[in-house]
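Engineer: Please build the complex by placing chain H on the supplied structure of chain B, with the hints as guidance.
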Amino acid sequence: MIVREPRQFPETTNSLQNLGRRCLVIIGETGRCGVLLAQSLWAARHLLVSRRMRRETVAQMYVAGIRSIPVITIVAVFTGMILALQTGLVLSRYNQEIYVGSGVMVTMLREMGPFMTGLILAACVGSSMAAQLGTMMVNDEIAALEIMSIDPVRFLMTPRMVAMLVMTPVLSFYTCMMGVLGGGVVAMTQLNLKWSQYMVNAMDFADIKDLYVGLFKSVIFGATIVTVACYEGFTTEQGAVGVGMATRRSVISAFLLILVLGYFVTRIFYN
Amino acid sequence: MIRFESVTKQFGRRKVLDEISFEIRKGEVFVIVGASGTGKSVTLKHMVRLLTPNAGRVMIDDVVINHAYGRELERVRERFGYLFQGGALLAWMNVFDNVALPLREKTRMGKDEIARKVRETLAMVGLENDGDKMPSEISGGMQKRAGLARAIVRDPEIVLYDEPTSGLDPVTARMIDQLIARLNRQIGITSVVVTHDLHSALTIGDRIAMLKNGKVAELSTPAEFRKSRNPAVREFLDAQFITPEAQEGGF
Chain B
59 MIVREPRQFP
69 ETTNSLQNLG
79 RRCLVIIGET
89 GRCGVLLAQS
99 LWAARHLLVS
109 RRMRRETVAQ
119 MYVAGIRSIP
129 VITIVAVFTG
139 MILALQTGLV
149 LSRYNQEIYV
159 GSGVMVTMLR
169 EMGPFMTGLI
179 LAACVGSSMA
189 AQLGTMMVND
199 EIAALEIMSI
209 DPVRFLMTPR
219 MVAMLVMTPV
229 LSFYTCMMGV
239 LGGGVVAMTQ
249 LNLKWSQYMV
259 NAMDFADIKD
269 LYVGLFKSVI
279 FGATIVTVAC
289 YEGFTTEQGA
299 VGVGMATRRS
309 VISAFLLILV
319 LGYFVTRIFY
329 N
Chain H
362 MIRFESVTKQ
372 FGRRKVLDEI
382 SFEIRKGEVF
392 VIVGASGTGK
402 SVTLKHMVRL
412 LTPNAGRVMI
422 DDVVINHAYG
432 RELERVRERF
442 GYLFQGGALL
452 AWMNVFDNVA
462 LPLREKTRMG
472 KDEIARKVRE
482 TLAMVGLEND
492 GDKMPSEISG
502 GMQKRAGLAR
512 AIVRDPEIVL
522 YDEPTSGLDP
532 VTARMIDQLI
542 ARLNRQIGIT
552 SVVVTHDLHS
562 ALTIGDRIAM
572 LKNGKVAELS
582 TPAEFRKSRN
592 PAVREFLDAQ
602 FITPEAQEGG
612 F
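Chains as they are written, first to last, in this note's numbering: chain B, 59 to 329; chain H, 362 to 612.
Hints may contain errors.
[What the hints assert, rightly or not] Listed below are several chain B residues computed to face chain H (Cβ distance under 10 Å; list not exhaustive):
id, residue
1, Leu-99
2, Ala-102
3, Leu-106
4, Ser-186
5, Gln-190
6, Thr-193
7, Met-194
8, Glu-199
9, Ala-201
10, Leu-203
11, Ile-205
12, Ser-207
13, Ile-208
14, Phe-213
15, Asp-265
16, Thr-324
[Said to hold, decoys possible] Some residues of chain H that are not near chain B, with every Cβ distance over 10 Å (derived):
id, residue
17, Lys-376
18, Asp-379
19, Lys-387
20, Gly-398
21, Gly-442
22, Leu-451
23, Glu-466
24, Met-470
25, Met-503
[As the list claims (entries may be wrong)] Over 10 Å on every C-beta distance to chain B, these chain H residues come out as not near it, computed from the model:
id, residue
26, Gln-446
27, Met-485
28, Gln-539
29, Glu-596
Since the hints were derived computationally from the structure, they do not count as laboratory data.
Every residue, glycine too, gets a C-beta built ideally from N, C-alpha and C.
With the rest of the complex left out, here is chain B:
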């Protein structure tokens, strides 16, 4: 997975060849990301014996989880407030604003919780992972690890992967709760509902399946963010410019994949 040689492609003479080449590149990169993901998960068995890896995983859980909480809290509360306000305004036309809690709860559990968590983690954590590994790559630190026969995937990627797999569902659940709370504030202050009315309606529509699917989605998003970020980091070339490009690519790819994968997971479970 570690690439030190510029990627070479045959010259293309027309747009069709160019399109074909792009497709080949995407297929190749998808395959390499898959291998990287499998390698990092397989290397997780070393967590049982390596104290250093366990320590590093806890450190990464702190970075990915605890340090993301302020941003996630603000985004989640305001997402819930916007949801409550918009649905409340529509429902109030039919005097049905009492149902605003259900709308917020279902939307947060099914979609917005994991989705917002994924986007925030891709922007905050994924970008920093890609930048860190990219910088290590251009500074020969990864090569130094390889020469010491220390597997960079096991040493660097696995703790990040495990940390994200644990923290993303936790943060996703937290986002849902914060969103529902934010919605409740709007329901009380602008839609003249009582807190109990709002919460009873929200809890009535809270389905355990929605929670599980949302948490499953967040796990998929977490794995995607780490895989993309580490792949971009491990394939960084051309110094500081390359690090910038790798960071940018990792955020864009993660955003797109979160959207696309989110749709397919929803489709599988709510067909």
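Structural biologist: Positioned in the frame of chain B, the structure of chain H alone reads:
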């Protein structure tokens, strides 16, 4: 010990190494010199399979490492130490932990034994009092010495030095030279040094190879190198004010 047989390396259309062949003997200090972009570091990276040749063979003893993978590659790399241009220390670990890293990860040594070995190695490179400093808190020269300590802490048979003295003040540069010479003479480490610094090359090298246009333009002892009539060598020597009559160095 290390043999290059008609090794060619191409990046895109640019041929960096063009069928180069040479052999590095056990216990010698082999210096590779040449202008920037002539493939010195690329040659070094082939020795530990950080790069793979497009054609030809790289052999360590009798093992062809062109396609070595997994445990086989690990066994080859365990014989090497590698000092990178910038030291390549892991930024989030202090100097002590950086040097201890290969021992912690790849050996079954106990905590005390590792600490003793790391302290010994740091003392060899003159950093015995700097173990608790972070890489960002020490100078470039100290980073290189810490990188060297990490490279030799597992007692490798071969140490590869990529520009060990570039960017250093003359005193520190000579100190690194002395260290390379000492490791070679006292412990018998085979050393491969890539450098621009001809003073250093002529002082520590047993043999010097000069690369130009992807080929070995000259391969000789320091004394022969100094007196060479090869225009490429002469140009290089003249640029660093080294005359054929200059006194031989050596530690």
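Engineer: Now look at each hint and say whether the structure bears it out.
Structural biologist: Each hint tested on the structure:
Interface restraint check for B:Leu-99: the shortest CB-CB distance to chain H comes to about 18 Å, outside 10 Å, so the restraint is violated. With a cut of 10 Å, the hint placing B:Ala-102 at the interface with chain H is violated, because the nearest CB-to-CB distance is about 17 Å. A least Cβ separation of about 16 Å between B:Leu-106 and chain H goes past the 10 Å threshold, and the interface hint is therefore violated. Look at B:Ser-186: its Cβ only gets to about 13 Å from chain H, farther than 10 Å, so that hint breaks.
Given hint, B:Gln-190 at the interface with chain H, holds; its Cβ is 9 Å from that chain's nearest Cβ, closer than 10 Å. Interface hint at B:Thr-193: satisfied, since its Cβ lies 8 Å from the closest Cβ of chain H, which is below the 10 Å cut-off. The restraint placing B:Met-194 at the interface with chain H holds, with a minimum CB-CB distance near 8 Å, inside the 10 Å limit. Because the smallest distance between the Cβ of B:Glu-199 and any Cβ of chain H comes to about 5 Å, under 10 Å, the interface hint for this residue holds.
Interface hint status for B:Ala-201: upheld, as the beta-carbon distance to the closest one in chain H is roughly 5 Å, under 10 Å. Satisfaction of the interface hint for B:Leu-203 is found here, the shortest Cβ-Cβ separation to chain H being roughly 8 Å, below the 10 Å cut-off. Contact between B:Ile-205 and chain H, as hinted, is supported at the beta carbon level, the nearest pair being about 5 Å apart and thus within 10 Å. Given the 10 Å rule on beta carbons, the hint for B:Ser-207 holds: about 4 Å separates it from the nearest Cβ of chain H.
The closest approach between the C-beta of B:Ile-208 and any C-beta of chain H is roughly 5 Å, which is under the 10 Å cut-off, so the hint is satisfied. Contact between B:Phe-213 and chain H, as hinted, is supported at the beta carbon level, the nearest pair being about 8 Å apart and thus within 10 Å. Interface restraint check: B:Asp-265 against chain H, minimum CB-CB distance 44 Å, threshold 10 Å, status violated. Interface restraint check: B:Thr-324 against chain H, minimum CB-CB distance 39 Å, threshold 10 Å, status violated.
Chain B leaves H:Lys-376 outside its interface by the beta-carbon criterion, the shortest separation being 13 Å against a cut-off of 10 Å. Every CB of chain B is more than 10 Å from the CB of H:Asp-379 (nearest about 17 Å), matching its label as outside the interface. Even its closest Cβ contact with chain B, about 20 Å, leaves H:Lys-387 beyond 10 Å, as expected for a residue assigned away from the interface. Non-interface call for H:Gly-398 relative to chain B: holds, since the shortest CB-CB distance, roughly 15 Å, exceeds 10 Å.
Some Cβ of chain B comes within 10 Å of the Cβ of H:Gly-442; the nearest lies about 8 Å off, and the non-interface call is violated. Not every beta carbon of chain B lies more than 10 Å from that of H:Leu-451, the smallest distance being close to 6 Å; the non-interface claim is violated. At roughly 5 Å, the least C-beta separation between H:Glu-466 and chain B is not larger than 10 Å, which violates its mark as non-interface. Every CB of chain B lies more than 10 Å from the CB of H:Met-470, the least distance being 14 Å, so the non-interface label holds.
Non-interface status of H:Met-503 relative to chain B is upheld: no Cβ of that chain comes within 10 Å, the nearest being about 16 Å off. Chain B draws H:Gln-446 into its interface by the beta-carbon criterion, the shortest separation being 7 Å against a cut-off of 10 Å. Its beta-carbon lying about 18 Å from the closest one in chain B, H:Met-485 satisfies the requirement of being farther than 10 Å from that chain. Non-interface status of H:Gln-539 relative to chain B is upheld: no Cβ of that chain comes within 10 Å, the nearest being about 24 Å off.
Here H:Glu-596 stays apart from chain B, with its beta-carbon at least about 29 Å from theirs, past the 10 Å limit.
Hint check: violations occur at hints 1, 2, 3, 4, 15, 16, 21, 22, 23, 26; the rest are consistent with the structure.
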